[in-house]
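> Chain residues, written in single-letter form:
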Amino acid sequence: GQQLNQSPQSMFIQEGEDVSMNCTSSSIFNTWLWYKQDPGEGPVLLIALYKAGELTSNGRLTAQFGITRKDSFLNISASIPSDVGIYFCAGRGGGGGSNYKLTFGKGTLLTVNP
Amino acid sequence: SQTIHQWPATLVQPVGSPLSLECTVEGTSNPNLYWYRQAAGRGLQLLFYSVGIGQISSEVPQNLSASRPQDRQFILSSKKLLLSDSGFYLCAWSPASTSPLHFGNGTRLTVT
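Just so you know, the protein sequences line up as chains A and B, in that order.
Numbers in the numbering used here are just positions in the first sequence, counted from 1, shifted up by 298.
Numbers in the numbering used here are just positions in the second sequence, counted from 1, shifted up by 428.
In isolation and in its complexed conformation, chain B is listed as follows (with noise of 0.2 angstroms):
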């Protein structure tokens, strides 16, 4: 069966530091990978979906990037962080882009 785990579940940052937030879906092989984040209002946005190795696409202009050095891997990253990039980050996976998306548990980021 299918697994994705991300990690870390909680983490705090400092203003300006750097972020690595890491993915990995086990079980499947070229699966469709995506990263949203849920601000405190609930809403569900997606960053970066990417449908192959190297191949990413971003939904919205941002402080962040997103990477995929492995088939099955998913990397969220910025450079530096801001007060404003606080919130619940989702990775997510399909094994096709008209499937359903499966989630992993999230990571909690608080920017102080």
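Isolated chain A (complex conformation) (with noise of 0.2 angstroms):
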């Protein structure tokens, strides 16, 4: 089945640095998805990308859609406390049938010091 790979696993900075997590796969997809869980919570969709090269943000946010389609980026600026969480990425492979099940990575779990 698909595999997702993303890094790192978790991240400890200061307030105010920039964050960049990443996700790897090695089959070709069609949608990325980031979410963040907070603890004690279901995750939380943060940005939706649905087309090779594309690039969006969601007011800090910023996310990419690899341009091989097998890979995804998102970052953080100027981070805050309440920034504190885990983010998933997701994948989606295309050609209907079990397809369109989401793979979701680890999840990289981020800490920011104040």
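Check before you lean on any hint, since a few could be wrong.
What the hints assert, rightly or not - Restraint-style ranges between C-beta atoms, simulated for each label pair: (1) A:Ile378 / B:Arg536: 23 to 29 angstroms; (2) A:Gly314 / B:Ser445: 46 to 52 angstroms; (3) B:Lys508 / A:Gly357: 44 to 50 angstroms.
Stated by the list, open to error - Okay, derived cross-link-like pairs now, DMTMM-like style, lysine to aspartate or glutamate, Cα gap no bigger than 25 angstroms in a straight line: (4) A:Lys399 / A:Asp316; (5) A:Lys399 / B:Glu487; (6) A:Lys368 / A:Glu313; (7) A:Lys399 / B:Asp513; (8) A:Lys404 / B:Asp513; (9) A:Lys399 / A:Asp336.
Rather than coming from a laboratory, the hints here were simulated on the basis of the structure.
Quantities reported herein were computed from a predicted structural model and do not represent experimental measurements.
Glycine included, every Cβ here is placed at the ideal spot set by N, Cα and C.
Assembly of the complex is requested from the two constituent chains, each provided in isolation within its own frame, with the hints serving as guidance.
The structure is reproduced here in structure tokens:
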């Protein structure tokens, strides 16, 4: 099946720093999604990407759909303490059938020191 | 707007007892519905998904079952819980198979 490698597994940064995390796949994806999960809650959708090369922003967050369709990155600029949480990437392949199911990365745990 | 409700938020059950977790979606019709389990290692594992009433697909063999008795209701059940069933269970919905998923706030299940 499809697998996603998400890195880094964890990050410890100072408030105000920029953050970058990425996901790579052994398969081509048609959709890349980025979620954030706060402790004890469900993941919340941050950004959705549907086209190779697409660059999309949501406030201080920016994500890109890699040209090869096998990778995506998420950047957070000027981090603040409420950015703390687990960030997940998720990808969906094409071709219908079981390919419509999402594959999730294992998450990046972000800690921001004030 | 659409909302998803999942309950209970936390549950402590003894080994061998039954389980019923409920999830409902409001503000939409004929959603795709999903049950995920999130282990301590953070990974999200798809357990079941449903594209319509009475239509359930199971992803992994396990001690759990799912049912969809109504269009916007998804239930996760077990007849006899195992210790290994402990975890964080998440319900999610999407308007279509190609759309992003939207998650509920989860149920923390501890089997003792």
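> Take the hints in turn and mark each one as holding or not.
Checked hints:
| no. | hint | verdict |
| --- | --- | --- |
| 1 | A:Ile378 / B:Arg536: 23 to 29 angstroms | holds, 27 angstroms |
| 2 | A:Gly314 / B:Ser445: 46 to 52 angstroms | holds, 49 angstroms |
| 3 | B:Lys508 / A:Gly357: 44 to 50 angstroms | holds, 47 angstroms |
| 4 | A:Lys399 / A:Asp316 | violated, 32 angstroms |
| 5 | A:Lys399 / B:Glu487 | holds, 10 angstroms |
| 6 | A:Lys368 / A:Glu313 | violated, 31 angstroms |
| 7 | A:Lys399 / B:Asp513 | holds, 23 angstroms |
| 8 | A:Lys404 / B:Asp513 | holds, 20 angstroms |
| 9 | A:Lys399 / A:Asp336 | holds, 23 angstroms |
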